[in-house]
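Now for the letters of each chain:
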Amino acid sequence: MSAMTSPTTMSAPTPLAAFWSAFKENRGAVIGMCVVISIVLAGIFAPLLTSYDPLIQYRDVVKVPPIWAEGGSWAHPLGTDPLGRDMWARLVYGSRLSIFIGAAVMIVSTGVGIIVGLLAAYRGGWVDVLTLRVMDLIMAIPDILLSIMVIAVIGPNLTNTIIAIMVVYLPRYVRLMRNTALVELKKDYVTAAKVSGVLPMRLMLSTVLPNCLAPLIVQAALGLSDAILAAAALGFLGLGAQPPTPEWGSMLADAKDLIQSNPWVMAMPGLAILILVLAINLMGDGIRDALDPRLRRS
Amino acid sequence: MLRLLLNRIALTIPTFVALMFVTFVMLRLVPGDPVEARRGERGLSPEMHAKALHDLGLDQPVSAQFGNYVWGILHGNFGTSIVSKTPVTQEFFTLFPATVELTLCATLFAILVGIPAGVYAAVRRGKFFDQALMITALTGYSMPIFWWGLILILLMSNTLHLTPVSGRVDLIKYYYPQTTGFLLIDSILNGPKGAFLDVVRHLILPSIVLGTVPLGAFARMTRSAMLEVLDEDYIRTAKAKGLSAFRTINLHALRNALIPVVTSIGLQMGSLLAGAFLTETIFSWPGVGHWMVQSIGRRDYPVLQGGIMLVALVVMLLNVVLDMTSGLINPRLRHEK
Chain A
1 MSAMTSPTTM SAPTPLAAFW SAFKENRGAV IGMCVVISIV LAGIFAPLLT
51 SYDPLIQYRD VVKVPPIWAE GGSWAHPLGT DPLGRDMWAR LVYGSRLSIF
101 IGAAVMIVST GVGIIVGLLA AYRGGWVDVL TLRVMDLIMA IPDILLSIMV
151 IAVIGPNLTN TIIAIMVVYL PRYVRLMRNT ALVELKKDYV TAAKVSGVLP
201 MRLMLSTVLP NCLAPLIVQA ALGLSDAILA AAALGFLGLG AQPPTPEWGS
251 MLADAKDLIQ SNPWVMAMPG LAILILVLAI NLMGDGIRDA LDPRLRRS
Chain B
1 MLRLLLNRIA LTIPTFVALM FVTFVMLRLV PGDPVEARRG ERGLSPEMHA
51 KALHDLGLDQ PVSAQFGNYV WGILHGNFGT SIVSKTPVTQ EFFTLFPATV
101 ELTLCATLFA ILVGIPAGVY AAVRRGKFFD QALMITALTG YSMPIFWWGL
151 ILILLMSNTL HLTPVSGRVD LIKYYYPQTT GFLLIDSILN GPKGAFLDVV
201 RHLILPSIVL GTVPLGAFAR MTRSAMLEVL DEDYIRTAKA KGLSAFRTIN
251 LHALRNALIP VVTSIGLQMG SLLAGAFLTE TIFSWPGVGH WMVQSIGRRD
301 YPVLQGGIML VALVVMLLNV VLDMTSGLIN PRLRHEK
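As they're listed, the protein sequences go chains A and B.
Using my numbering, the letters of the first sequence correspond one by one to residues 1 to 298.
Using my numbering, the letters of the second sequence correspond one by one to residues 1 to 337.
Okay, chain A solo, but in the shape it has when bound (with noise of 0.2 Å):
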C-alpha cells in the first residue's frame, strides 16, 4: 500500500527484502531452494508429466528398465516396477505425499508448538511445569521407537504417520516457543504493552509472537526434512503409507528383494527422497543463516 504511493522515497527494506538479499548470498541455498520448488510443481503438475496412472500395472511391460539402460524405451522413461507400474509416474505422483506429509507436520506441529508455547510462557506456575513435563517425557523415548509405539496404538496408514512424526517432533516446537517468549515477556516493550492495557490474547499473539519467529521458521525449514525422512523410515519398515500408495519409502520396502535382478526400481525411489531432503537442508541452512546468524546449529 504505502509502496504504490510513496515509490521514489528511501526507506528501510522490508523485513522480507532484507531476508532474501541475505538468503540469495548462498549459492548452496538457492540451488536448494529451486531444486524444492521444482519437486513441487512436479507434484502439482504431476498429471501433465506423465500420462501414466501411478496405480494402473500395465502387466505386459513389467520390468522395464530405464532409458539409459539396454532394451529400455522412451514409452517408459524410468522403466516399470514388477507389477508393470510407470516408475516415473509412481515418483512423480509420490513427491505429493512425501511433502504433504512434511508440510503437515511442520504446520501443525508449528502451530500447536506456538499455542501451547506461549501458553506456557505467559501462565507460568503449574502450566509451564506440566508442559515441560510432558515435553520432557517424550523426548526420554528416542524419535523412532516412540512414532512406532503410537502406530503400533493407531494402526499404519497415511494419516496416522502424520499423527505420530508429529508427536515425536512437537516438543522442538514447544520448548522454543516457550523459551523465546519468555526471553520477549521480559522486555521493556511488552511491559509498555501491558501497562497501556492490552488484554492478554492481543499482547501474546501480536506483541509477542511476531518477535519470536526468527527461531521457528528455521526449526520449521530443517524440521520439515526431518519429518519427510521420518516418513520415508516408517513407511519402509512398513508402518508409514501402505501398498498400493506411491509413496517413497514404502515403494522402496517394496522393491528391496529385487536389489539383485532390479536394482533401479529399488534406487530410485530411495534417490529422490535423498534429493529432496538434501535440498530442504540446503535452503534451511540458509535460511538460518539469512535469517539470524547467532543460530547456526552446527
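Everything labelled a hint here was simulated from the structure, so no lab data went into it.
Misleading hints may appear alongside valid ones.
Derived coverage of chain B by chain A (criterion: at least 3 residues anywhere in the stretch with Cβ under 8 Å from a Cβ of chain A; other residues may be distant) [to be verified]:
(1) 19 to 26
(2) 130 to 142
(3) 150 to 158
(4) 277 to 286
(5) 298 to 312
One-sided and incomplete, this derived list gives chain A residues near chain B with beta-carbon spacing under 8 Å [said to hold, decoys possible]:
(6) Ile67
(7) Glu70
(8) Ala140
(9) Ile148
(10) Val153
(11) Leu229
(12) Ala232
(13) Ala233
(14) Phe236
(15) Leu252
(16) Lys256
(17) Leu258
(18) Gly270
(19) Ile273
(20) Leu274
Each pair of labels, with its calculated beta carbon distance range [unchecked claim]:
(21) A:Gln242 / B:Pro46: 31 to 37 Å
(22) B:Gly76 / A:Leu132: 26 to 32 Å
(23) A:Leu55 / B:Pro46: 39 to 45 Å
(24) A:Phe45 / B:Leu53: 35 to 41 Å
(25) B:Gly181 / A:Gln242: 54 to 60 Å
(26) A:Asn179 / B:Ala132: 34 to 40 Å
Glycine residues also receive a C-beta, built at the ideal position from the N, C-alpha and C atoms.
Dock chain B against the given chain A, drawing on the hints supplied.
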C-alpha cells in the same frame, strides 16, 4: 560430583514413572485384547477366553493391573513374550550386545572420519576441500539410511563380493560358544582361526550405514566449533610463540573445540542405540531393533511394551552418564552450584 549424580538420577525418576504409565495405557489402547490377538483361526470358546484372560491377570480392575505392572517392573519383570513365551528381559539381554556392538562400531567410524574431516575443513576454510566436504557432510546428514544400506549391499556385496550381506558371523563356517555376546570379543576368546576377521567383515557395512548420519553431524559440528576456536586470542598467541601448525591445531584448538562435539557424540549414541532399527532390519542384524520391528508384525505387544521400557531406560541411564562425563571434561559444569 556425587550431588550432581544424585540430582540427575532424581530428575530421571518422574520421567520413568510417567513412561510406565504411558506404556501401560498404550497396551490398553490397542484394539482387541491380547487373547484375541493370538487365538488363531479356529477361534476360542468363551470359557477358554475367560480362562486365558484370567491367566494373564486381565480380568482384574485396571488399577490393580497397573499396580501389578509397576510391581513387576520394579522387580525386573518386564513381561513375557506371547510368541516365544520367554521373559522379555531375557530376550532383550541376549540381543542387546549385538546392538551395542553395532552402535559402538558405527560411532567409532563416525568419530574417526568425521572429526578429522571437520578439523581439516575448518583449517582450509572457504577452499575447495572445505566446500566439497561440507556438501558431502550434508549429504550424509540427509541420507535415508535404509536406502543407503541397500545401495551399499548392491555395490559391495552383490557386485564386488567384498562383504557379506547379513547377520553377524558365518555360523556354518565358524561356530563357537558365545560367552559375552559381543562377537568381537568372543571370536578372539573361543573362536576358530578366521572367525574374528569374519565378524569384522560382517560389521563393516552396518557400521558405515548406521554411522553415516552422525558422521555428517560430527563433521559439521567439529568444523564450526573449530572455526570459533581458531579466532580466539590464545591461538594467535600459540602461533606467535612459534608453535608448529600441527601442535597449534591439535593441542590447542582441537581440545577446546571438542567439548561441544563430545556432548553431541553422547547424544547421538543414545539415538543411534534406538535408531539401529532400520540398519538392523536391512542387514538382518539380530539386535534389539530387529526384534522389536518383528514384534510389531507378530502383534507381540508385551515385547513391544517391555522393549520400549528397556530401551528408554538404557537411553536415560546413558544420558545420566553423559552428563557426568561432560562434568569431567568441562570443569565449569562441575562447579556449578
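Each hint, compared with the structure:
1. 19 to 26: It holds: at least three residues are needed, and the stretch 19 to 26 of chain B offers 4 whose Cβ sits within less than 8 Å of chain A.
2. 130 to 142: Contact hint for the stretch 130 to 142 of chain B vs chain A: holds, 5 residues under 8 Å.
3. 150 to 158: Contact hint for the stretch 150 to 158 of chain B vs chain A: holds, 5 residues under 8 Å.
4. 277 to 286: holds (count 4)
5. 298 to 312: It holds: at least three residues are needed, and the stretch 298 to 312 of chain B offers 5 whose Cβ sits within less than 8 Å of chain A.
6. Ile67: The hint is violated - Ile67 (chain A) has no Cβ within 8 Å of chain B, the shortest such distance being about 20 Å.
7. Glu70: violated, 17 Å
8. Ala140: holds, 5 Å
9. Ile148: With Cβ-Cβ at 7 Å, under 8 Å, it holds.
10. Val153: holds, 5 Å
11. Leu229: holds, 6 Å
12. Ala232: At about 6 Å, which falls below the 8 Å cut-off, the nearest Cβ of chain B leaves the hint on Ala232 (chain A) intact, so it holds.
13. Ala233: With Cβ-Cβ at 6 Å, under 8 Å, it holds.
14. Phe236: holds, 5 Å
15. Leu252: Since the shortest Cβ distance to chain B is 6 Å, the answer is holds.
16. Lys256: holds, 6 Å
17. Leu258: violated, 10 Å
18. Gly270: holds, 3 Å
19. Ile273: holds, 4 Å
20. Leu274: holds, 6 Å
21. A:Gln242 / B:Pro46: 31 to 37 Å: Holds: the Cβ-Cβ distance is about 33 Å, inside 31 to 37 Å.
22. B:Gly76 / A:Leu132: 26 to 32 Å: The hint (26 to 32 Å, Cβ to Cβ) holds, given that Gly76 (chain B) and Leu132 (chain A) are roughly 30 Å apart.
23. A:Leu55 / B:Pro46: 39 to 45 Å: holds, 43 Å
24. A:Phe45 / B:Leu53: 35 to 41 Å: Because 56 Å falls outside the window, the suggested range is violated.
25. B:Gly181 / A:Gln242: 54 to 60 Å: Once the Cβ atoms are compared, 36 Å apart, the range 54 to 60 Å for Gln242 (chain A) and Gly181 (chain B) is violated.
26. A:Asn179 / B:Ala132: 34 to 40 Å: holds, 36 Å
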